[in-house]
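Participant: Using the hints, build the complex out of the two chains.
Here the protein sequences come in this chain order: F and G. When the count follows the numbering used here, it moves up by one through the first sequence with no breaks and lands on 433 for the last residue. When the count follows the numbering used here, it moves up by one through the second sequence with no breaks and lands on 126 for the last residue.
If you're looking for bench data, these hints aren't it; they were derived computationally from the structure. Take these hints with a grain of salt, some might be off.
[Claimed, not checked] Computed, partial: chain G to chain F, Cβ under 7 Å:
id, residue
1, N84
2, S86
3, L88
4, A93
5, K94
6, A95
7, I96
[Said to hold, decoys possible] Only pairs whose alpha carbons sit at most 25 Å apart, straight line, appear in this in silico DSS-like list of lysine-lysine:
id, chain 1, residue 1, chain 2, residue 2
8, G, K66, G, K92
9, G, K72, F, K424
10, G, K89, G, K67
11, F, K265, F, K346
12, G, K72, G, K94
13, G, K121, G, K94
14, G, K72, G, K92
15, G, K68, F, K424
16, F, K424, G, K66
17, F, K265, F, K255
18, G, K121, G, K92
19, F, K424, G, K92
All residues carry an ideal CB built from backbone N, CA and C; glycine is no exception.
Each chain, letter by letter, is given below.
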Amino acid sequence: MNNIVKPSRRFALLFKALLYLYPAWIFIFWMSLSLDGNIWMSIGFSPGYLTDFLSEGQVMEPELWQRILCFVSALLPGCAVMYIYSALARLFTLYSKGAIFEQENVSCYRAVGWGLIWQQILIIPYRTLTILIMTLTNPEGQKILSVTIDGMDIYLAIVGVMILLVSRIMDEGRKIHEEQALTV
Amino acid sequence: MGIVVNLDIMLAKKKVSSKELAEAVGITPQNLSILKTGKAKAIRFSTLDAICQYLECQPGDILEHREKREDQD
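Bound-form chain G, shown alone (with noise of 0.2 Å):
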């Protein structure tokens, strides 16, 4: 598993949508999109605070640490 994004249900949350998401942090919704679907390889940290001052939250709230099921490897 890996690290687990968890954006969806903070927008939900905080009933905001990707593209109001997208623009307040400065990117482009395709990279939100890549992020929201676990696809990112990597996240700048301004993002993240860009993203956690928006939505009022922790990064723990958006990412979250799953250990690696034997059956996955």
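Here chain F stands alone, though its shape is the one from the complex (with noise of 0.2 Å):
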């Protein structure tokens, strides 16, 4: 058991941090982005689709307000990553107080699920909306209207749907787990 409580405590930390770091993280990315070089971009820490639109020279430099509604749009997946993090905390807090086939464990796999294939349908109008709003001081004629869905958002999209099913097999598993416990 000492293989599980020690490491999911500090599991348990990184979430919780990752909750607050993110959302702060977003912020600053979006209040630093630059068509100069931005930290982010040559760390390749950065959105693909955007890199791209911004070397292609078809943005100018953003204002504040731009800034400001492109961050407000980031929160669109930002919450269900954020959602993603929660549920991950909680999970390991419950591995760290011993708690492995509980009612709650199998309620967080099934957020962690769920909260990946939202995040997956969320970024789509998140994408479609940045780029909007990027290009919205273009010259007429020169505004962006995009849709795009990226081979990765499918694949996390069934990462979570495989998630969902491991949530069910765990139910099970809390079906036996409780019988366990109740058999004298």
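Facilitator: As structure tokens, then:
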């Protein structure tokens, strides 16, 4: 059990920290975005679709209101990501208390699965909104409305479905565990 | 209703405490409480055997089947 309890405490702390750091990171990203080079892009920590648009010169330097709107639209899939982080923090907190096959664990798995699926759904309008907002200050006829679906979106949605299946298996494990606990 | 556990009655008849029976049978007092209060989902034959040996009774003295009434469904 020590093999599970100790690392679980660390992971619980990690995901709790990520829950707060993630929106801060999105805010900093959009506030620091620049056409001349952005630290995030230089270290490859930037969405691919955005890098393409910026490097092709299809957008102008974003104004403050554009940055704020992009940050707000980033919270669409961002909420799903934070939901996943909070579910993972709860899950590892339960593991750190020795609760492995409880109803709450099953709920956490389901939350992660649905969070992942919803993130892939919400990322589509986010990308559309981002490009539209960034090109709103472009001259007439150069505003862009695009809908982008990446292969990774589909893969991650499938991973979300698989996690939901795993949650069903965990639920069966919970039933067996409960039955054993109530066997005298 | 289903299976009803009449362990309380047998304990009173034989003047044995729950703690004593739990120790004699080799289960925790919490597990014995689960059995007494009807929350148990299953009982091992080894546990039933140990209880019957200690209380000098038959399984039927401890376990009773009662038909479910229609209004209890």
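Participant: State for each hint whether it applies.
Facilitator: The hints, checked one at a time:
no.: 1; hint: N84; in the structure: holds (5 Å)
no.: 2; hint: S86; in the structure: violated (10 Å)
no.: 3; hint: L88; in the structure: holds (5 Å)
no.: 4; hint: A93; in the structure: holds (5 Å)
no.: 5; hint: K94; in the structure: holds (4 Å)
no.: 6; hint: A95; in the structure: holds (4 Å)
no.: 7; hint: I96; in the structure: holds (5 Å)
no.: 8; hint: G:K66 to G:K92; in the structure: holds (22 Å)
no.: 9; hint: G:K72 to F:K424; in the structure: violated (29 Å)
no.: 10; hint: G:K89 to G:K67; in the structure: holds (15 Å)
no.: 11; hint: F:K265 to F:K346; in the structure: holds (16 Å)
no.: 12; hint: G:K72 to G:K94; in the structure: holds (21 Å)
no.: 13; hint: G:K121 to G:K94; in the structure: holds (17 Å)
no.: 14; hint: G:K72 to G:K92; in the structure: holds (18 Å)
no.: 15; hint: G:K68 to F:K424; in the structure: violated (37 Å)
no.: 16; hint: F:K424 to G:K66; in the structure: violated (36 Å)
no.: 17; hint: F:K265 to F:K255; in the structure: holds (16 Å)
no.: 18; hint: G:K121 to G:K92; in the structure: holds (17 Å)
no.: 19; hint: F:K424 to G:K92; in the structure: holds (15 Å)
The structure fails hints 2, 9, 15 and 16 (numbered hints given earlier, in ascending order).
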